[in-house]
Each structure stands twice: as C-alpha cells, then as structure tokens.
Amino acid sequence: AAGVIQSPRHLIKEKRETATLKCYPIPRHDTVYWYQQGPGQDPQFLISFYEKMQSDKGSIPDRFSAQQFSDYHSELNMSSLELGDSALYFCASSLTGIHEQYFGPGTRLTVT
Amino acid sequence: QKEVEQDPGPLSVPEGAIVSLNCTYSNSAFQYFMWYRQYSRKGPELLMYTYSSGNKEDGRFTAQVDKSSKYISLFIRDSQPSDSATYLCATNMNRDDKIIFGKGTRLHILP
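Chains as they are written, first to last, in the numbering used here: chain A, 1 to 112; chain B, 113 to 223.
Source of the hints: derived by calculation from the structure; they are not laboratory data. Note that CB positions come from ideal geometry on N, CA and C, so glycine has one too. One thing to keep in mind: the hints can contain errors.
Derived CB-CB ranges, DEER-like [said to hold, decoys possible]:
1. A129(B) <-> L83(A): 19 to 25 Å
2. D56(A) <-> K114(B): 28 to 34 Å
3. R108(A) <-> E127(B): 30 to 36 Å
4. K114(B) <-> K13(A): 25 to 31 Å
5. E100(A) <-> S194(B): 41 to 47 Å
6. K179(B) <-> P27(A): 43 to 49 Å
7. S65(A) <-> D190(B): 34 to 40 Å
8. R16(A) <-> S194(B): 41 to 47 Å
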C-alpha cells in the first residue's frame with residue numbers, strides 16, 4: 001500500500017539558511033500534519049492543513065511557514081535556520097473522519 | 113507537567129515474555145488513545161487505537177484504556193526480538209486533532 005512520502009530524507013544546512021521540506025500524503029488523504037522530533041524527544045505538533053486550509057497550529061516558530069497545495073501535498077518552509085532546528089521532521093496524513101494518522105519516514109535536518 | 117507521561121525505559125525482557133507498557137495522562141477530555149511503534153531513525157507506525165475506555169486486541173497486541181484512572185496500557189504477548197523499538201503512547205481529543213505523544217519507552221527483547 002502507498003505510504004506518506006517525504007523529501008528529502010536528509011538535509012544539511014548552515015545557520016541562517018533556508019530549507020524546504022516536502023510531504024506527499026497517502027492518495028485520497030486530505031489532511032496533513034507536521035511534527036518535529038528532537039533527539040530523544042517525542043514528536044511535537046507544528047501545524048496541520050485540511051483541504052488546503054490551515055486547520056490547527058502548534059509550537060511552530062514564526063520563521064517557519066507551511067502550505068498545502070491543490071494536489072494535497074504540503075511543504076514546510078524554514079528560514080533563518082538555527083542550530084536548535086536540527087531534528088527529524090515528520091509529516092502525517094489522514095482522511096477526514098477516519099481517525100488514523102499515518103506517518104512518513106521523516107526528513108532529518110541538520111543545521112551546522 | 114507533560115500531558116502524557118511515559119517511562120522512557122529502557123525496558124529489557126527475554127524473548128517470549130509478556131511485555132507491559134504504560135502511560136498516564138492528565139486531561140480528561142482526551143477521547144482517542146493510540147500506540148505507535150518507532151524503530152530507530154524511522155517514522156512512527158500506528159499499532160493500535162482505542163476510543164474511550166476498554167480493551168482492543170490485534171494479534172499479539174492488546175491495548176487497554178481506563179479513563180477513570182487516566183491510564184493507558186499496551187500488552188505484547190510472545191515478544192519477539194523484532195519487537196525491539198520505541199513505543200509511543202498518544203492521544204487526542206477529537207478525530208483529526210493533533211496527536212499528543214508520550215516520550216516513548218525503549219523496549220529491548222533479548223534473544
């Protein structure tokens with residue numbers, strides 16, 4: 001079965017650079033969630049989209065923005081990167097009304 | 113205080129043993145409860161979910177929720193070395209809501 005696809009899988013950036021992470025949800029899923037998982041930490045919710053509209057917002061820095069496109073894929077844009085932004089970034093998708101959120105393999109971002 | 117508390121372990125048990133993993137939560141408004149399994153450097157994989165109090169069984173896995181005590185459990189029978197992973201309990205209030213995770217318990221099944 002098709003799963004959530006994230007790209008790139010690994011990304012190395014320097015401080016103050018920008019990064020764009022992409023998420024392709026499971027086909028027919030209309031809701032996308034972004035989570036950040038620091039080393040040894042649990043995933044923390046950042047932001048979610050339903051039908052291309054932001055549906056909820058968590059602890060996402062103002063330096064980050066995200067959107068969902070007409071084909072339901074989503075992009076997380078991160079600017080003025082800081083060392084503390086180094087983490088695994090997961091995207092999850094779900095179909096509205098169906099409870100399960102399915103996670104992608106993650107993008108490992110390293111800021112040097 | 114975190115909304116979901118979970119002992120990080122590590123928990124080491126011999127192959128074939130019954131494993132018991134537990135979490136507590138603070139907000140009585142939580143209605144949906146999940147267990148995710150996460151292998152190193154991989155995404156969380158949904159194992160089980162339950163709505164409100166009760167038990168749910170799927171193969172070797174049984175999830176229990178006791179809303180009166182705000183206690184969530186996952187039991188793994190006939191544990192296998194391939195079960196070695198981090199197990200994250202999770203919850204949310206409504207369908208399609210953000211998920212709130214516990215910190216995860218690292219489990220090692222010893223051959």
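Tested hints:
1. Distance hint for A129(B) and L83(A): a CB-CB separation of about 41 Å, inconsistent with the stated range 19 to 25 Å.
2. Taking the beta carbon of each, D56(A) and K114(B) are about 19 Å apart, not inside 28 to 34 Å as hinted.
3. Between R108(A) and E127(B) the Cβ separation comes to about 31 Å, which falls inside the hinted range of 30 to 36 Å.
4. Our hint of 25 to 31 Å for K114(B) and K13(A) holds, since their Cβ atoms are close to 30 Å apart.
5. For the hinted restraint 41 to 47 Å between E100(A) and S194(B), the CB-CB distance of approximately 22 Å leaves it violated.
6. Hint check: K179(B) to P27(A), Cβ distance near 35 Å, so the stated range 43 to 49 Å is violated.
7. Judged by the Cβ atoms, the range 34 to 40 Å given for S65(A) and D190(B) is violated: they are separated by roughly 47 Å.
8. About 43 Å separates the C-beta atoms of R16(A) and S194(B), a value consistent with the hinted range of 41 to 47 Å.
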